[in-house]
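Number of protein chains: 2
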Amino acid sequence: MKKFTRQELKNHNKRLILQTIYQSSRSSRAEVARQTGLTRTTVSDLVAELIKEHLVVEQGYGPSAGGTPPMMIEVMDSARQMIGIDLANDEFRGGLLDMRGHVSELTKLPLKNRRGEEAIQLMYDLIDRLLKKADSPILGIGIGSPGVLDARNGIVRIAVNLGWVNLPLSDRLRERYQQPVYVANDSHIAAFGEFTFGSKPPGRNLAVLKVGRGISAGIVINGRIYYGDTFGAGEIGHVVVDRGGKLCSCGKRGCLETVASTRAIVSLCQQIIQEQPELFPNSVLSNPENMETSDVLEAFEMGNAAVAEIIRNAGSYLGYALSFLIATLNIVDIRIAGSLARFGDPLLDTIRETVHECTLSTLVRDTHIELASLGQNIVLQGAGAIVLSNELKLV
Amino acid sequence: MKKFTRQELKNHNKRLILQTIYQSSRSSRAEVARQTGLTRTTVSDLVAELIKEHLVVEQGYGPSAGGTPPMMIEVMDSARQMIGIDLANDEFRGGLLDMRGHVSELTKLPLKNRRGEEAIQLMYDLIDRLLKKADSPILGIGIGSPGVLDARNGIVRIAVNLGWVNLPLSDRLRERYQQPVYVANDSHIAAFGEFTFGSKPPGRNLAVLKVGRGISAGIVINGRIYYGDTFGAGEIGHVVVDRGGKLCSCGKRGCLETVASTRAIVSLCQQIIQEQPELFPNSVLSNPENMETSDVLEAFEMGNAAVAEIIRNAGSYLGYALSFLIATLNIVDIRIAGSLARFGDPLLDTIRETVHECTLSTLVRDTHIELASLGQNIVLQGAGAIVLSNELKLV
Chain S
519 MKKFTRQELK
529 NHNKRLILQT
539 IYQSSRSSRA
549 EVARQTGLTR
559 TTVSDLVAEL
569 IKEHLVVEQG
579 YGPSAGGTPP
589 MMIEVMDSAR
599 QMIGIDLAND
609 EFRGGLLDMR
619 GHVSELTKLP
629 LKNRRGEEAI
639 QLMYDLIDRL
649 LKKADSPILG
659 IGIGSPGVLD
669 ARNGIVRIAV
679 NLGWVNLPLS
689 DRLRERYQQP
699 VYVANDSHIA
709 AFGEFTFGSK
719 PPGRNLAVLK
729 VGRGISAGIV
739 INGRIYYGDT
749 FGAGEIGHVV
759 VDRGGKLCSC
769 GKRGCLETVA
779 STRAIVSLCQ
789 QIIQEQPELF
799 PNSVLSNPEN
809 METSDVLEAF
819 EMGNAAVAEI
829 IRNAGSYLGY
839 ALSFLIATLN
849 IVDIRIAGSL
859 ARFGDPLLDT
869 IRETVHECTL
879 STLVRDTHIE
889 LASLGQNIVL
899 QGAGAIVLSN
909 ELKLV
Chain L
519 MKKFTRQELK
529 NHNKRLILQT
539 IYQSSRSSRA
549 EVARQTGLTR
559 TTVSDLVAEL
569 IKEHLVVEQG
579 YGPSAGGTPP
589 MMIEVMDSAR
599 QMIGIDLAND
609 EFRGGLLDMR
619 GHVSELTKLP
629 LKNRRGEEAI
639 QLMYDLIDRL
649 LKKADSPILG
659 IGIGSPGVLD
669 ARNGIVRIAV
679 NLGWVNLPLS
689 DRLRERYQQP
699 VYVANDSHIA
709 AFGEFTFGSK
719 PPGRNLAVLK
729 VGRGISAGIV
739 INGRIYYGDT
749 FGAGEIGHVV
759 VDRGGKLCSC
769 GKRGCLETVA
779 STRAIVSLCQ
789 QIIQEQPELF
799 PNSVLSNPEN
809 METSDVLEAF
819 EMGNAAVAEI
829 IRNAGSYLGY
839 ALSFLIATLN
849 IVDIRIAGSL
859 ARFGDPLLDT
869 IRETVHECTL
879 STLVRDTHIE
889 LASLGQNIVL
899 QGAGAIVLSN
909 ELKLV
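Just so you know, the sequences run in chain order S and L. With the numbering used here as the guide, the letters of the first sequence map in order to residues 519 to 913. With the numbering used here as the guide, the letters of the second sequence map in order to residues 519 to 913.
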């Protein structure tokens, strides 16, 4: 608990009104008063302030309830912009987002093995470009980064790929740009992006399993990112699902990532390409060591049975790991994101099958496992969402 | 978000002051003002009200900081009482609790296979007896029940043992006693009891794994019970840890409960008693079908190697299931409760070993797995804690 002052009370109710208008898309002052329980006078005074701040606009008349038709008000989605950045494996991606999460000025800068300060400079370059293109006041900068992040203090504890160790990323960016900065792990932030700007979950909880080179889950509890005690929540890529199995980069054997990450899947396909060359696209045959997930997908779509088996196997392990997550969290809305999500329904079906096999029927009955509604921009949209949530309390 | 009124603002700050005094055990008005950030006048006015309500008392003078020694204030722990009830398998247990969770008037009524209305009458009987013994105003009644509970509406969805289906337990009790009533699943409530009245966790999160006839975890996130979307959070007794293993009562094979519940352990011991009768207590030998956990414990303490192996095996499966919980939640304070906890350090050691084997080292490094600090009254103390938390916001 924290103390509450009268000024905070006023700000609180103003945010409440803005949130109410935002969530109903279009409303009238009377409707807002009804929904919030605040008096009409309070609503009118605070709406006037919001209009002055260009956050809310009057927009025509609504249907009459007998008397004068009410003036309708809405949040001006373009009134503020957020900068969302995804420090992805191969490229840094960034965009300007409006208050509904629509991305404009999508910009990608290839990483080309830059590390340390060079990688930081590339990120500055990306943000500089986006700031120049902004045409509304900027609410802040959000960053989704791989690795272990201290989201409270904006410190990258370790991002192996980028060569960052204990990097005070928020401080550096705040100093340079004089803007609010929010930093979080890319999986955590992806889940919050899906929660905020994706198709609406039935409740206030959501889990997003991100499967690409790495595997981890982002968890939203009661409308907020759940980070865990040391910012490691959802790190299920290294749970052991195949005891005594393949050696993992983490030093253990049989981790989920050794059987279900795109890296593991590509490596399995490289092993079978000799046996069934006819079912792989020509582009890979000459150069199997450069095989990528998209090549595997092409072979999969061409009907390669061995590849289908590999994907089924991966889906089954993912389902097994999810059965523990579902039993622990009892979150009924689970979504799959990341590059493996491109395998679509066949992958989903195997995941669901194993979850049904391995989870208490009363728990699984209400649980829905779907593909994430946001696509490749899920992390940068999440990065924008975290700015919006913190700065305007709209989410 | 909800609207905030001036009356709510005052109540909020009053609760904040009470909480601050409660948590610091003993304080002065000046110290409370410093800690809360409220003005001295506000603190003095609201403390005066709390003294009038007999929640706070003045208690001697503190050390002088130069001037007049300050008058010290504390929460009067016996000012209010809660009734805490544990609807355990064999007996209904209840007690009166003071505001620090100390139990008086502990009362146990054997269930003797009562079901349905008869079980309800037994619960009424228990509460009637406790109410008669109360010597302070009662804050409310808390109930920990086995089965699936809708804690929000106080409805027992299903408690197989008691023959209750969709029983509006809170409504029934509220009608009868005209008191605030809180009902939750016994594992959820045990975790909240440990969080509130047990040894203090380092943060605001805690997971308690309760292992008895059934197995489930109670999860406290940010100081509140985490129920999950359909009140099934922590139901890990039926995750599959031994694929293709023994048939479970839930219809699946190899659930955690088939290898690590006390029921499973007793059944395994019954199978080996023929081979090694000399290492079982005489009391069981004549009557192995009535073997209980306490008999297994006795054989274990007598050094029965086969029993030790059974316990090690159970511990290893519990550790395996916990590795998923730790990877999902990243809660660093994990405690073991329930009757299996009586096997103490040898059990803990196996659990920890498997957790270390199966969990990412950076996650497990900061994680501590211990026995719960509360004992057999953990559920009824949790039932009291949930009343205290809701009625006085002290937790």
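To be clear, the hints were calculated from the coordinates, so they are not data collected in a lab. Hints may contain errors.
No copy labels: a pair is met if it fits in one copy or bridges any two.
[To be verified] When the alpha-carbon atoms are kept at most 27 angstroms apart in a straight line, the in silico DSS-like pairs for lysine-lysine are as follows: (1) Lys770 to Lys718; (2) Lys570 to Lys651; (3) Lys911 to Lys528; (4) Lys911 to Lys630; (5) Lys532 to Lys520; (6) Lys532 to Lys770; (7) Lys532 to Lys718; (8) Lys520 to Lys718; (9) Lys630 to Lys651; (10) Lys570 to Lys650; (11) Lys651 to Lys520; (12) Lys570 to Lys528; (13) Lys570 to Lys520; (14) Lys718 to Lys521; (15) Lys626 to Lys651; (16) Lys528 to Lys626; (17) Lys650 to Lys764; (18) Lys718 to Lys911; (19) Lys521 to Lys764; (20) Lys630 to Lys770.
*If the cutoff is 27 angstroms on CA atoms, where do Lys911 and Lys630 land: within, between, both or neither? Let me know, please.*
neither (37 angstroms within a copy, 54 angstroms between copies)
*How do Lys520 and Lys718 come out at 27 angstroms by Cα distance, when the copy is not named: within, between, both, or neither?*
between (31 angstroms within a copy, 21 angstroms between copies)
*Using 27 angstroms as the alpha-carbon threshold, which applies to Lys532 and Lys718: within, between, both, or neither?*
For Lys532 and Lys718, the Cα distance is within 27 angstroms only inside one copy (24 angstroms; across copies 37 angstroms).
*First find the shortest C-alpha distance between Lys570 and Lys651 inside one copy, then the shortest across copies, and answer within, between, both or neither for a cut-off of 27 angstroms.*
Classified as within; 24 angstroms inside a copy, 62 angstroms across copies.
*From the Cα coordinates, with 27 angstroms as the cut-off, is the pair Lys911 and Lys528 best called within, between, both, or neither?*
both (14 angstroms within a copy, 23 angstroms between copies)
*Up to 27 angstroms CA-CA - Lys770 versus Lys532, copy category*: neither (52 angstroms within a copy, 52 angstroms between copies)
*At most 27 angstroms between C-alpha atoms: does Lys651 with Lys520 qualify within a copy, between copies, both, or neither?*
Intra 39 angstroms, inter 37 angstroms, cutoff 27 angstroms: neither.
*Given identical chains, is Lys630 near Lys770, meaning Cα to Cα at most 27 angstroms, within a copy, between copies, both, or neither?*
neither (30 angstroms within a copy, 50 angstroms between copies)
*Homo-oligomer pair classification [Lys764, Lys650; C-alpha up to 27 angstroms]*: So Lys650 and Lys764 fail the 27 angstroms test inside a copy (48 angstroms) and across (64 angstroms) alike.
*Homo-oligomer pair classification [Lys911, Lys718; C-alpha up to 27 angstroms]*: Within. Shortest intra-copy distance 17 angstroms satisfies the 27 angstroms Cα cut-off; inter-copy 32 angstroms does not.
*Identical-chain pair category, Lys532 with Lys520, by Cα at 27 angstroms*: Both: 19 angstroms inside a copy, 11 angstroms across copies.
*Have a look at Lys626 and Lys651 and pick one of within, between, both or neither, based on CA distance no larger than 27 angstroms.*
within (15 angstroms within a copy, 72 angstroms between copies)
Checked against the numbered hints listed earlier, the structure breaks hints 1, 4, 6, 11, 16, 17, 19, 20; every other hint is satisfied.
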